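Generate the whole structure from the sequences, applying the supplied hints.
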Amino acid sequence: MSEPLLSMDGVTVEFNSSGGTLDLLSNEQPVRAVDDVSLDVGENDVVALIGESGCGKSTLGKAAIGSQRPTSGSVSYRGQDVWDARKDRGAVRIPFEEIRRSLQIIHQDPGSALNPNQRVLTSLMLPLKKWQPELGYEEREERILTLLEHVGMSPPEDFVNRYPHQLSGGEQQRVVLVRALLLNPDMILADEAISALDVSLRVEMMDIMLDLQSVFDTSFLFISHDLSNARYIAQQAGGRIAVMYLGEIVEIGPVEEILENPQHPYTKVLKWATPELYEEREEDVPIREIDVPDPTNPPAGCRFHTRCPNAREACRESHPEPYAVGPDHDSQCFRSDESHEYWESEPLHD
Amino acid sequence: MTDDVAIEIRDLEVTFDVERGESNVVRNVDLDVYREETLGIVGESGSGKSMVALSLLDAIPEPGGASGEVIYHPENGDPVSVLDLDPEALRRFRWEQIAMVFQGAMTSFNPVMSIREHFRETLQDHGYDVPAGMERGTGILEQLYLDPDRVFESYPHELSGGMRQRALIALSLILEPEVLILDEPTAALDLLMQRSIINLLREIQATFELTLVFITHDLPLLTKIADRMAVMYAFDFVEIAGTQELLHHSGHPYTRALLSTTPDLTTPPEEIQTIEGTKPDPVEYISGCSYHPRCPMADEQCRATEPGLMDVRANHEASCHYHADVPDEITIRNRPRGVIDE
Chain Z
1 MSEPLLSMDG VTVEFNSSGG TLDLLSNEQP VRAVDDVSLD VGENDVVALI
51 GESGCGKSTL GKAAIGSQRP TSGSVSYRGQ DVWDARKDRG AVRIPFEEIR
101 RSLQIIHQDP GSALNPNQRV LTSLMLPLKK WQPELGYEER EERILTLLEH
151 VGMSPPEDFV NRYPHQLSGG EQQRVVLVRA LLLNPDMILA DEAISALDVS
201 LRVEMMDIML DLQSVFDTSF LFISHDLSNA RYIAQQAGGR IAVMYLGEIV
251 EIGPVEEILE NPQHPYTKVL KWATPELYEE REEDVPIREI DVPDPTNPPA
301 GCRFHTRCPN AREACRESHP EPYAVGPDHD SQCFRSDESH EYWESEPLHD
Chain R
1 MTDDVAIEIR DLEVTFDVER GESNVVRNVD LDVYREETLG IVGESGSGKS
51 MVALSLLDAI PEPGGASGEV IYHPENGDPV SVLDLDPEAL RRFRWEQIAM
101 VFQGAMTSFN PVMSIREHFR ETLQDHGYDV PAGMERGTGI LEQLYLDPDR
151 VFESYPHELS GGMRQRALIA LSLILEPEVL ILDEPTAALD LLMQRSIINL
201 LREIQATFEL TLVFITHDLP LLTKIADRMA VMYAFDFVEI AGTQELLHHS
251 GHPYTRALLS TTPDLTTPPE EIQTIEGTKP DPVEYISGCS YHPRCPMADE
301 QCRATEPGLM DVRANHEASC HYHADVPDEI TIRNRPRGVI DE
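Those protein sequences? They're chains Z and R, same order as listed. Counted from 1, the first sequence has number 173 at position 173 by the working numbering; the numbering is strictly sequential. Counted from 1, the second sequence has number 196 at position 196 by the working numbering; the numbering is strictly sequential.
Honestly, the hints are just simulated from the structure, not real lab data. Keep in mind that this is a model prediction, so the values were computed, not measured. Don't be surprised by glycine CBs; every beta carbon is placed ideally from N, CA and C. Hints may contain errors.
Computed from the model, here is a short list of chain R residues facing chain Z with C-beta under 10 angstroms [to be verified]:
id, residue
1, G162
2, I197
3, L258
Here it is as structure tokens:
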């Protein structure tokens with residue numbers, strides 16, 4: 001891979017644990033939502049970021065598109081530091097406006113992303129007017145109609161005159177996707193963008209994204225708590241899956257590797273949690289604790305040790321670094337180091 | 001599971017008056033729920049599945065209304081015609097006989113009341129012995145892997161989504177109902193929490209000898225808990241069978257399409273299909289089979305005559321004129337090759 005489209009280096013994001021400003025008088029520890037994460041997204045690349053709620057995946061996504069400022073570490077777009085551009089520091093090669101146009105986002109709830117009082121056409125005209133003022137009305141309209149048709153909203157002439165409430169959830173999500181695409185972005189952050197759709201509609205929506213990815217060479221950072229969806233979209237695009245737990249990427253690798261040769265116990269647990277239609281029911285939940293620990297006070301040592309079925313004393317004492325376990329495949333677990341003292345230490349019991 | 005019927009639904013209709021006319025969201029539904037089984041109801045959003053669930057408690061919101069029969073057969077005592085109960089009897093019936101858990105625990109709890117107050121108030125309102133009930137509540141919370149002291153002290157917003165949903169399940173069981181209806185109880189949660197709750201529900205069901213009705217659009221998840229499944233399409237059930245029977249021998253094209261559209265970890269992505277066409281409109285009336293506009297096998301008979309549920313195999317019904325031909329015509333993509341095909 002030559003210069004990545006997007007490069008995150010040692011990104012850490014901290015919040016006040018109250019999340020707001022009301023708690024000024026308390027002396028609470030900040031919550032580290034993202035802890036020292038490095039991740040590159042290439043041109044025409046798909047990275048699926050999975051993990052439980054509160055693991056920091058949305059925060060990392062926002063940091064990636066320049067809408068969340070890291071507490072430390074850097075985010076760069078085609079080699080340009082995003083926050084230098086935003087603050088106009090140093091020699092800015094790529095202006096922030098262009099970076100913002102290039103990195104788009106679609107959310108879980110398309111209803112709230114669309115203005116309820118605007119027809120689809122109006123909602124879609126605005127970004128084009130702003131970013132491509134040289135286009136005339138008819139050219140803009142034609143581009144919108146073509147894209148709507150492309151995402152299966154046919155006839156588009158009918159859909160452009162509707163208000164958001166006259167569209168189904170899947171149709172609203174397509175409009176939001178079209179709005180992002182009109183800006184011709186290099187990358188779209190899809191943050192749980194299909195989670196609110198019926199299971200039967202998710203594949204259709206992912207197919208649309210994959211189609212756009214191949215037609216327009218758009219990269220996707222696809223955030224989901226669902227491994228089967230992550231697999232569906234990333235595998236077809238030849239992408240990677242990154243598994244997050246309490247602010248860290250604990251395993252990352254090509255899709256086949258993550259599915260067929262998972263190394264981190266947490267990845268294995270997520271695999272267990274993914275229901276398959278044709279498999280035997282397993283009786284026991286393979287984690288020692290059902291609930292995620294309080295992120296304001298994460299466990300010392302390996303953060304997963306309180307729930308990990310394979311945890312030993314060593315996991316409570318020291319924090320594992322990522323181990324290379326295969327080409328482009330890293331796992332942050334002592335079990336990947338054959339000579340680690342982990343193997344000599346006592347298993348943890350409850 | 002026994003063959004003893006706990007709830008009998010006959011000719012159930014739910015309608016709403018809307019601007020465009022009458023919206024018929026449940027159409028002439030018949031269904032039996034057996035005592036101590038887990039019945040799964042699966043369908044896309046807008047198929048009418050939540051309306052069937054609400055009818056079991058005569059809780060269709062205004063301006064809608066349910067008609068037909070919902071007969072509840074308690075383990076001991078006389079049958080109850082739920083849609084004929086007066087308001088006071090209905091108030092007692094809900095929660096004491098049939099309890100219900102919805103998707104968003106946040107909206108089911110009062111945000112300014114602690115979890116303990118929710119338990120106490122529910123016991124008091126229904127005239128139950130409070131100390132004994134709180135003791136029972138403590139046990140249920142523990143069985144759901146919650147720390148009772150911590151959870152009782154908390155306000156709803158202080159709990160994580162998964163904890164809140166488990167606390168709500170515990171609260172729903174506090175009056176010892178025989179039937180628990182769960183409408184998308186895990187939809188807003190992570191997969192790992194969903195699977196954990198599914199396993200806990202199976203334990204809870206065995207402990208309390210409960211009858212469970214589990215409603216969801218998530219078919220893969222449902223197969224992990226349901227003994228029997230009822231598939232809803234266009235406001236009526238189109239197929240009812242045991243879970244394994246349905247997975248391997250489905251006789252309805254819609255069920256087979258649903259089974260083929262589910263991404264999983266093993267099926268090659270290119271084999272996963274989507275369901276062509278659009279969902280039916282509750283105001284429109286579709287002649288013949290409601291699925292015919294989307295069905296690859298539809299012919300003149302399907303357009304003209306409504307099939308209705310018919311026997312496919314033992315304890316297996318599907319509403320398709322061609323249910324015998326369906327397995328040969330429509331393959332289920334996800335289904336592993338070489339499984340028993342008796």
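Outcome of the hint check:
1. G162: 6 angstroms, holds
2. I197: Holds - the Cβ of I197/R comes within 10 angstroms of chain Z, reaching about 9 angstroms at its closest.
3. L258: 6 angstroms, holds
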